[in-house]
Amino acid sequence: MWRTAIVVVVLALAHLLGRRLTFLAVTPRSTWLSVAGGVSVAYVFMHLLPELAEGQALLERSVEGVLPSLEHHVWMLALLGLAVFYGLERLALRSRHQRRRAVQADATGGGVFTLHIASFAAYNFLIGYLLTEREGAGLRPLLTYGLAMGLHFLVNDHGLREHHKARYDRVGRWLLAASLLAGGVVLNVMKEELPEQRESRFSAFALGAAAYAALLLAT
Numbered sequence: 001m002w003r004t005a006i007v008v009v010v011l012a013l014a015h016l017l018g019r020r021l022t023f024l025a026v027t028p029r030s031t032w033l034s035v036a037g038g039v040s041v042a043y044v045f046m047h048l049l050p051e052l053a054e055g056q057a058l059l060e061r062s063v064e065g066v067l068p069s070l071e072h073h074v075w076m077l078a079l080l081g082l083a084v085f086y087g088l089e090r091l092a093l094r095s096r097h098q099r100r101r102a103v104q105a106d107a108t109g110g111g112v113f114t115l116h117i118a119s120f121a122a123y124n125f126l127i128g129y130l131l132t133e134r135e136g137a138g139l140r141p142l143l144t145y146g147l148a149m150g151l152h153f154l155v156n157d158h159g160l161r162e163h164h165k166a167r168y169d170r171v172g173r174w175l176l177a178a179s180l181l182a183g184g185v186v187l188n189v190m191k192e193e194l195p196e197q198r199e200s201r202f203s204a205f206a207l208g209a210a211a212y213a214a215l216l217l218a219t
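Residue numbers (the UniProt record's numbering): 1 to 219.
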């Protein structure tokens, strides 16, 4: 568990400290950003896509002859994710272009910023949550995942800062780091509370969750 916590904190620091890596903010594009992007893409093709193929095969065996419409859903979801984030990127570019012409400001509008950051916050939350699988497979897969995601976050951080400027440094990077930590917290709590051998008490778990939620709502 402690190894996962360390990886989550390091990944969050990639967002919080990314702006201090001034050598990345150069034109033409920094060689280091290109290297980081290459590592991320290699991880997708060499590791994530084979895992998707395994998941698709498992899904096909599970629904064979029952729900044939689900036979390609894993790949459809991957395509949907690609389309959504490509659309967000295009939306941010268009917003910057429009604001440059209207108010001479090379940054996105408030609505686009909110949508962009909310989407990446959900993305970060899932990445933090899914660290449990990497830890269960051993130290090496966890470190490989952490390295690929850390470099990926540096590339994302650079792109988001370019789109949203000071608003990203003021608000966005903190939200992304918090969402990643939240995913890691949920992961570790669920690991401790859900296994049967822990003999955890649902009533105490529910009471703690409800009491603290009520406290937050009251303040």
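Just so you know, these hints were derived from the structure itself, not from any lab. Ideal placement from N, C-alpha and C gives every residue a C-beta, glycine not left out. Possibly wrong hints are sitting among the right ones.
[As the list claims (entries may be wrong)] Quick list of simulated restraints, FRET-style, between CB atoms:
#	residue 1	residue 2	range
1	Ala166	Phe45	34 to 42 Å
2	Asp106	Val44	24 to 32 Å
3	Gly110	Arg140	38 to 46 Å
Indices of hints not satisfied (ascending):
Per hint list: zero violations.
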